[in-house]
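Novice: Sequence:
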Amino acid sequence: MRLNLTLSRKAIILVSVPLVIELALVCFLMSLLQQAEKEREMEAHSREISNEINGAMRCLINAGTNTVIYHVSGSRDSLKLYKQSVREFPQVVERLSRMVKGREEEEDNLLRMVSLYNRANQNLVEGHRKLEAGDRIGSMKPYANLNKSMAELYVVADKIQSRQNEIQEKQKAAQAATREQIKWLVVAGALLNVLAAVGLVLYFNRGTANRFNVLLDNTMRLASGEPLNEPLSGGDEIARLDRVFRKMANSLAAATQKERAVLQNAADVICSIDDDFKFAAMNPAVEKVLGYTPDEMIGARLVQYLYADDVEKTLDALKKNIQEKGERALENRMVRKDGTTVDMLWSLHWTEAEKSTICVLHDITYRKELERLKRDFVAMVSHDLRTPLTSISGFLSLLRTGKYNQLSTDGLESLKSADASVGRLMSMVNDLLDIERVESGRLDLNLGPLTIEGLVESVFGMLEPIAKEKKIELVSPKQKEIEFVGDADRLNQVLVNLVSNAIKFSEPNSKIVVEAIENPSGVRVEVRDKGRGVPDHLKQAIFERFKQVDPADAAKRKGTGLGLAISKAIVERHGGCIGVEDNKSESSDGSIGSIFWFTVPIADVQSHFDQT
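The end of the sequence shown is residue 933 by my numbering, with every number in the run present.
It is worth saying that the hints were derived from the structure and are not from the lab. Computed from a predicted model, the values in this text were never measured in an experiment. Honestly, I wouldn't trust all of these hints.
Said to hold, decoys possible - Below 30 Å or equal to it, Euclidean Cα-Cα: the simulated BS3-like pairs (lysine-lysine) are:
{"hint": "1", "residue 1": "640", "residue 2": "737"}
{"hint": "2", "residue 1": "801", "residue 2": "737"}
{"hint": "3", "residue 1": "789", "residue 2": "689"}
{"hint": "4", "residue 1": "658", "residue 2": "640"}
{"hint": "5", "residue 1": "599", "residue 2": "689"}
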């Protein structure tokens, strides 16, 4: 049965098994060393007993020899040595008693030996005493007993000595056996460690390294698009990692499938171009856009499909994109299979890993045609509409002055209506031309010194007659003169648009306030009315083209929906911004008005003159 161990537990086993073996080996070695030490101590103890026995025998022999020499020669030194031997003898016997204590066999032999030692010593002392007393004949008996005791003592001493020699030999053999055991234990421990290490390595290799290799192989298979290996079983970290990897692989496969579906069904041409400017990959959309199949274009050079006049700029853009390793866009023309040309918008992205440029080609032929039609329309409006309208406006002015006879009251009313219609048409034409300039980036400014007071007076002079017709009062609080640099005509156009809108949407007998507020960053011009206000969700949208608060305003108020968009472009061209907010002061009927405002940075007028 396979154990489902985690990597941490396997690591613990990998460390613990050799450690346990080492600890067991150390314990066995310590036991053998203690045994060897004990055997060495027993051997040393036996030698000490032998030495003490020899010492006791030496004391008796020295005592007997020196007493004879003393009585024969009268040497005081011999007498001294005799007494010294007699004093040492009890000490030697005492040491022997301590050495053999607790050893039954040795104690019995020692008791016998001590008894013989004491008897021999008594005979020796008695013989010496009788010799001292001059009784030579009387001393012979103690000395005869001494010889007898010494003979017995030699027998017992030899027996004890043999026993000690036997013990020493046994201890030497035991020590040799212990050393041999230690040697074999070390060898066996080393072999066991090696076997354990090899076994653990094999186990780890089979249970971990091989499984890691499966994961590594799976990464290679995933990269090359091959099927993955069988799932790893178990509950360890590697098995969990394998499951997570498979989930990731499935997610990548799903994402790749979706990406492939997007590429296959995309309306735009998506391709890759290598650093030799050859097509390396292509999606099927190319057949619809250019008429070629992907197989026809893959491997072919890009220049084969480019319009001749656009080859150089296209290759330059590709080279710069490779050098900058970034993204770039360009427009060019390509030749279809049927020989016609199409306008294309290219989005380029260089990929360092694949050494190729990923390109998205969008067919902008229709857009280019619309731009051409728009240019033609603007030219038509500018020439074929504005010029006749200008002539009609001039003719109506002549009629109003009585140049062609005086008109009746009904005729003057009709003339007034016609003049208003021509004015609206002229305003619409001018708005269309202005919005075209904004979109094409051709909205130029004629900068010069201005004052807010002069700008407001100019606008009031133009719009006061219209305001009086609706019984609306135009008010501008008295304030200090604020000078700045701007385009007088364009800013006048902005303020006229804001004030005229306020007049359109204000009720009779109301008031419109135009006020300029200076701040460190510039000047803020506000147009405050008490009209119907602007809903919050439209406060940004109304500055877009053709956007109005109420769709019915286009018919009822005769507006084009371009005025605020043009005003926004003019203000932003000056470096300012424009917006609308609620007028917090309520009108008499409870409605909330609006505050349309725009800001313009204040430039140093003198500095402007110095630069010009």
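Novice: Each hint needs a verdict: does it hold in this structure or not?
Specialist: Hint check results:
no.	hint	in the structure
1	640 - 737	65 Å, violated
2	801 - 737	40 Å, violated
3	789 - 689	48 Å, violated
4	658 - 640	26 Å, holds
5	599 - 689	27 Å, holds
When each numbered hint is compared with the structure, violations occur for hints 1, 2, 3.
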